[in-house]
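Please build the complete structure, drawing on both the sequences and the hints.
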Amino acid sequence: MTAADYVGLVLANTPWWAFALLALLVVLGIRRLRTRVRGLAMAFAAPVAFGVWGLFNVAAYSQAQSAVVGLSTFLLMFAAGWASTWLYMGEKADLTDDGRFLFHATPEPLITYMTVFAIRFGLEVWKGFEPGAAPLAGGFAIGLSAFVAGRTPAGPSRSSSCAARRRSPEA
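Each residue of the sequence shown is one higher than the one before, starting from 49 at the first, in the numbering used here.
FYI, nobody ran anything at the bench for these hints, they're computed from the structure. Ideal Cβ placement from N, Cα and C applies to all residues, glycine included. Check before you lean on any hint, since a few could be wrong.
Here are the computed distance ranges between Cβ atoms for each label pair [unchecked claim]:
no., residue 1, residue 2, range
1, L88, A153, 17 to 27 Å
2, I159, T62, 17 to 27 Å
3, V58, A127, 32 to 42 Å
4, G87, A153, 16 to 26 Å
Given below as structure tokens:
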């Protein structure tokens, strides 16, 4: 088989929703290249996409391997992603007076989304060509999705909790 044959095989066996997810992540990442104000629902669109993707992997992993290991991996890596924002968070989100978020322009989300998608896609391809790698690839996929799902909503969450503390009357 040539490289073109392998590419054709991979694309032919890629589910339609993977292309839809890629399109969603590209759109969300490109939108973050501009400073813009967004509501709470749009602020959490990418974390929800990664979280749902990770939970689908937990379900598949649970059937083939272990529900406890899959769910534990998801929860631990989500918490690690959330905690990692205290070490470094390049994205800035400020809460506006009307309760929406002002996201400052940055390429970080687009780079993150594309990197994670490429790694996740690669893991799925690896599992397809090497079925014995499924437990390891599945665990990595769950952990990566959960880490990013935990990391990406931290900016808006931190902004809203800080603003709530500033607005609350002191006793």
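To see whether the hints hold, each was checked on the structure:
no., hint, result
1, L88 / A153: 17 to 27 Å, "holds (20 Å)"
2, I159 / T62: 17 to 27 Å, "holds (22 Å)"
3, V58 / A127: 32 to 42 Å, "holds (33 Å)"
4, G87 / A153: 16 to 26 Å, "holds (18 Å)"
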